[in-house]
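J.: Make the full structure from the sequences, and use the hints.
Take a look at the letters that make up each chain.
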Amino acid sequence: DSGVTQTPKHLITATGQRVTLRCSPRSGDLSVYWYQQSLDQGLQFLIQYYNGEERAKGNILERFSAQQFPDLHSELNLSSLELGDSALYFCASSAPGEQFFGPGTRLTVL
Amino acid sequence: DQQVKQNSPSLSVQEGRISILNCDYTNSMFDYFLWYKKYPAEGPTFLISISSIKDKNEDGRFTVFLNKSAKHLSLHIVPSQPGDSAVYFCAASRSYNTDKLIFGTGTRLQVFP
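Taken in order, these protein sequences are the chains called A and B. Each residue of the first sequence is one higher than the one before, counting from 4 in the numbering used here. Each residue of the second sequence is one higher than the one before, counting from 4 in the numbering used here.
Don't take every hint at face value.
Mimicking BS3-like on lysine-lysine, the simulated pairs with C-alpha atoms at most 30 Å apart in a straight line are [said to hold, decoys possible]:
1. Lys-12/A with Lys-57/B
2. Lys-74/B with Lys-60/A
3. Lys-8/B with Lys-57/B
4. Lys-60/A with Lys-8/B
DEER-style ranges, computed between Cβ atoms [said to hold, decoys possible]:
5. Glu-65/A with Glu-61/B: 37 to 47 Å
6. Gly-63/B with Gly-6/A: 34 to 44 Å
7. Pro-82/B with Pro-73/A: 44 to 54 Å
8. Tyr-99/B with Glu-56/A: 16 to 26 Å
9. Glu-18/B with Pro-73/A: 43 to 53 Å
Derived from the structure by calculation, the hints contain no laboratory data. Since the structure is predicted, the reported quantities are computational estimates derived from the model, not experimental observations. Note that the Cβ used here is the ideal one computed from N, Cα and C, for glycine as well.
T.: Here it is, written out as structure tokens:
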């Protein structure tokens, strides 16, 4: 158990819909990272928050947005969903030298 | 542009033998490298890392080698065990601290009896 929690574990929705994925980092970790893994590919970095502020952005679509709240949990919002958004979404929090990953949310867009 | 590459999608090794997983990178700004192991339906789990100032780091059965001039690293598992069967991801970062990770596409290792 990495100490990073993600909900829900599975999400099935239709094209055009909007969903919210939630992540709670390990106790004391200030950074949250979001990654997307599509079809047995590597994990692609989406966005990083540090203590409530956006720190870095990867190839995140404009239809996607994220935020980190004062209690340090983070939400990833995906809107106008397309079939190609079906993927595993992981969040991670970090200590020096390592990132700890949650179990992921599997999103299926039908 | 794939900055971190794992050119072998799969590897099959007999139990007790050595498993060697390879990874190449293109960005000379990468300063820190990590290997993660992933089982189905779970998140990646950290295995071992190496800083660019070193060429080898060892932790039990796992050793990572870094060749900076060739921009190549490898993970050696000796001896391989059936429980090592998983997908292994190589990842790179520009910093030891709180920087995003760039992942390779993974190598699926199967260790058979």
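J.: Please flag the earlier hints that this structure goes against, numbers listed from lowest up.
T.: 1, 6
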